[in-house]
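K.L.:
First to last, the sequence lines map onto chains E and A. Using my numbering, the letters of the first sequence map in sequence onto residues 1300 to 1513. Using my numbering, the letters of the second sequence map in sequence onto residues 27 to 506.
These are calculated hints, taken from the structure and not from any lab test. It is possible that part of the hints are untrue.
Computed footprint of chain E on chain A; a stretch qualifies when at least three of its residues, placed anywhere within it, have a C-beta under 8 Å from a C-beta of chain E [as the list claims (entries may be wrong)]:
#, region
1, 46-52
2, 217-226
3, 308-315
4, 378-392
Taking lysine to aspartate or glutamate and the EDC-like style, the derived pairs with C-alpha atoms no more than 20 Å apart in a straight line are [unchecked claim]:
#, chain 1, residue 1, chain 2, residue 2
5, E, K1468, A, E286
6, E, K1468, E, D1504
7, E, K1468, A, E203
We put the CB at the ideal spot given by N, CA and C, even for glycine.
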Amino acid sequence: MIAALNLLVGLAMGLNLVALGSSRLPSLIRTVATQGVALGLMPLLLESHHLDWRIVLVAMATVAGKGFVIPSLLRRAMRAANIEREIQPFIGLVPSLLLGAGGTIAAVALAGALPLLPEHAGLLLVPGALASVLTGFILLIGRSKAISQVCGYLVLENGIYLFGLLLIKATPLLVEAGVLLDLTVGVFVLGIIIDRIQRAFDSLDTRKLTALHE
Amino acid sequence: MTATLLIFIPIAGAVLAALWPDHRTRPWFLPIVGFAHMALCFRLLLNPPSVSPEAWMGFDALAAAVLPAVSLLFFVCGCYAVPYLGIRQERPNRVFVASLLAVLGLLSAGHQARHLGVLWIATEAVTLAAVPLLHFNNTPRAFEATWKYLLVGGTGIALSLLGSFCLGYSSLHGGGEGDLTFVALIAQGTGLSRPWVLAAWVLLLVGYGTKMGLAPMHTWKPDAYGEASGIVGAILAGGVTTVAFTAILRIHSVVDSAGEGHVADRTLLAIGLFSMAAAALFLLGTRNYKRMLAYSSIEHMGILSIGASLGAPGVWAALFHVWSNSLTKGALFLSAGNIRRAAGSPSLNDVRGMAHVVPRSAAIFVAGMFAITACPPFGPFFSELKILGAALQTGHGLAAAGFLVCLLFAFFGLTRVVFAVVDGRPRPAAKAGGKRFRETFALIAPPLLLLVLSLWLGLFTPLILRNMWTAAVAQLFPHP
């Protein structure tokens, strides 16, 4: 089971790099959605010996939210804005890939230095979490289109979720549910805003948001 | 039980306001619900309920020391909202009124949260509920401000969740059962895993510091305050920031009990001084009087953070400063809102001579400016004096000197902008706008009342508040 879980975390880390390397928005959204489904399956593997309804519920909600609902909202926003490509990102695709790869190596090294409980020592969850948070930041900072930034935010949230899996036994469901609910609502609101930005500026380019400065 | 009503009354009010059919009478929900909330809040302040230690929510000493200030500010802003939304008939107010009430309910939840997870959920929900408030004006500039608020605020809130997980893991690693109430975490004390506590502190400080608007995580603040209406600015600066501040205080006491208090103190002091310095520099440069208020808010968040770093006397003074800052900022935001309505622009390039156009609002604006720059005998003077005293008492002479220099530069910056707005000969456009905008009693009384409250707080700090602040400090430092 540990091996299967590590395989999934490894897949999520690979998808980070795919997300950093894709310039087309549909493929970026698909990558983030796949990562969401992989994340949703993890609690089932982590607690496969004593599954209870709470774990199953968390897994189902994650797969539905991260894998289907949010990506479809993002696709709708993309169609409404009528854009498909990330042109001229602030950080180019190759530099962001290099940064992401370097960050992943650093995350693995750093995670080795962190004190972990013996039952978590063999897991890739902590390096996966650190790498995803870093990838999320690169996407947030390095992309100019609003939808790519939202995808970056999602990857960042995915990293935090990976870390949260360490606590899934100890943290009550309330916290888990709150996380999911807020994530969904957050992106939903972001989606509305994107819609409004589009109507106000006729573009989803956040570079045009420069009226407010000192 | 009564304490949970503080959350449910505003939420129920928000639902009712969203369903209420009449556009014209809907704003009355704000003062009515605000009054109910305030009455309940002060009743609880006078008869503090007993809170069981393992409760996840409760009107404990820290909540009692801060929440009444927020409630008072909200009620006065609610009274101002009725005439304000009356002159803004062109904008639909359903979402605005409902969101504002939801923010009050969620703020009450955040202040009363005694569990790391509940605290995070409440803060996140406040962040989201405030979004519709920011784009009430429906201009491209307001959308830009909202986008930046969401992106920066969302990232901050995500980091604070990561920090919460780290703190949870430190408890787990130290042999804890995963009980994330602050009481349990403090009881575990030095049993918490140190490296994880430090990681958690950094992430939580950055996360909640973003919500508070500490530099360098303040970038959303000038845009949001500059584009939002006066009421929203007052509620954000006086209410939403305080919930992040109490969050930092609660987390600080956990870090302190884990034996890393000196690290936490040093970071809070450094980030506080940096915020004050950054705000003072921006205050010297800005040409927009609403953004000026945002920079002043960043400065005061820095002051709170410095107070929080100075041990028990500093925290006491910081709680005092929460009150004086909230009330004084409220007066400034509401009077600036009046000036903005009359002048038609927030920029110094278009606005001058407002003392002739809206004399009463201009007078409150100037008096509020002197109050916020700590001129005696207003509240901020006494609270900042206490913070200065705490700094000298704990041997932070250099920090105290830096604090005073920043205050001086902030004073230069604020007076420069405020007198440019008030003095001189009004522009013809502003004169015409001033005729359309009438300074009615309902628009003048709320900011004036807040200013009087700030004065009263300075001159006659009520004993019950002093006792509450002392009780809150005792709660935060259980092992002196």
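K.L.:
Confirm or reject each hint.
P.N.:
Against the structure, the hints come out as follows:
no., hint, in the structure
1, 46-52, "violated (count 0)"
2, 217-226, "holds (count 3)"
3, 308-315, "holds (count 3)"
4, 378-392, "violated (count 0)"
5, E:K1468 with A:E286, "violated (27 Å)"
6, E:K1468 with E:D1504, "violated (42 Å)"
7, E:K1468 with A:E203, "holds (10 Å)"
The structure does not agree with the numbered hints 1, 4, 5 and 6 stated previously, though it agrees with the rest.
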